[in-house]
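I would like the entire structure built from these sequences, with the hints used as guidance.
There are 2 protein chains.
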Amino acid sequence: MPGSPCIEFWFDFGSNYSYISTMRIEHLAGERGVAVRWRPFLLGPIFRSLGWETSPFVLQKAKGEYVWRDMVRECRKAGIGWPRPSEFPRTSMLAHRLALAAAREPWIGAFCRGVARRNFVDDQEIASSAAVAAVLRGLGVAPDEWVAAAQSDAVKQGLRAQTDEAVRRGIFGAPSFFVGDEMFWGNDRLDDALALAGTHASGGADAAA
Amino acid sequence: MPGSPCIEFWFDFGSNYSYISTMRIEHLAGERGVAVRWRPFLLGPIFRSLGWETSPFVLQKAKGEYVWRDMVRECRKAGIGWPRPSEFPRTSMLAHRLALAAAREPWIGAFCRGVARRNFVDDQEIASSAAVAAVLRGLGVAPDEWVAAAQSDAVKQGLRAQTDEAVRRGIFGAPSFFVGDEMFWGNDRLDDALALAGTHASGGADAAA
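Heads up: the protein sequence lines correspond to chains A and B, in order.
The numbering of the first sequence is our numbering, which starts it at 1 and goes up by one.
The numbering of the second sequence is our numbering, which starts it at 1001 and goes up by one.
Treat each hint with caution, since some may be false.
[Claimed, not checked] Listed below are the simulated EDC-like cross-link pairs for lysine to aspartate or glutamate, each with C-alpha atoms no more than 20 Å apart in a straight line: (1) B/K1077 x B/E1026; (2) A/K77 x A/E87; (3) A/K63 x B/D1164; (4) B/K1061 x A/E165; (5) B/K1061 x A/D164.
Don't read these hints as lab results, they were simulated from the structure.
Fair warning: this is a prediction, and the values are worked out from it, not measured in the lab.
Shown next as structure tokens:
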């Protein structure tokens, strides 16, 4: 409902730090009474606008080496699995489109965690329709209708528009979070973003009391 | 002494996130019985090796805009001042050289905080001998001998060697921390680095008990 506390979660399935936030956000937001608005977008166009062909973790060798060490520590803190994937970054246009089409479904969080786990824990491709359908089936969702919807022109255009909105709002990496107009970048800021959103939640509760 | 718990703090006076760690590290390390080894180095050569003329916060407009907003929040968390400096990044070869020459002096932490505060809080240049001398005088240290030492060939060569060592050990940004061979990047990881160093400290205490 309008005015209820909400965090916007902007993510890309190929992004390793998005993976950590994807696994954490729904549970942590729930504890604070904050709703999650799942907002998939594509990092690729943003990287290309900076003249980069791929992730800076691939392009900058020293930073890339560090990131995989940092990921081991950060995943341990988050209590989630981390075998380094054999391919990085894995792209998946279809999974992004499907997450956009299904963004308000009750199973959207579970779907995103399923795709993220498949990529980063199971070390499997996430690009094919078969991969995305397998994740849906794992949730008890019949895949055919959703895969078809994700491939519609409306959804394709919707994902382009969502990526354009990311650029317009100043997003330059993933994960990013918005609480109102306040932007936070990186899994490291998820707790701060939720705390701000939770303040809004408490304010609402106080107002109602 | 050898084997006593220690954190290496690699920093550049021009780096805004180094500023936050500079203001925090000595107090936090002291609480855990961890010694700080101050290791100034130059980010410039590392940025240039990546093809960058200056800080990525200047080169990448969206990221740069975000960083100043993030700095306000992070400085508030750290309880330190933050008026956005009118010039960024401010370079100071002399301050780096002096911090190298004086790295084992009891006043090294206070000196680094003085330079950092002058740059980021007082919004004043830190490049001239007069600026560096003013910081030293504020600590009750007679500046002439130290400024002369900082300009010696041995110290100039020492700072180049320290920057080479940074590259060799995989440093790509500042602040960075080492606890033994374990590297941590960014003010966001200072607490984790100190926790690891503190584990070593506890181990030593147990062994001695």
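Now for the hints, and whether the structure bears them out:
For a cut-off of 20 Å, the pair hint linking B/K1077 to B/E1026 stands: about 17 Å separates their Cα positions. Between A/K77 and A/E87 the alpha-carbon distance is near 23 Å, which puts this suggested pair outside the 20 Å criterion. Note on A/K63 and B/D1164: the hinted pairing holds, with a Cα-Cα distance of about 16 Å set against a maximum of 20 Å. Our distance criterion of 20 Å between C-alpha atoms is met by B/K1061 and A/E165, whose separation comes to about 16 Å.
Between B/K1061 and A/D164 the alpha-carbon distance is near 16 Å, which keeps this suggested pair within the 20 Å criterion.
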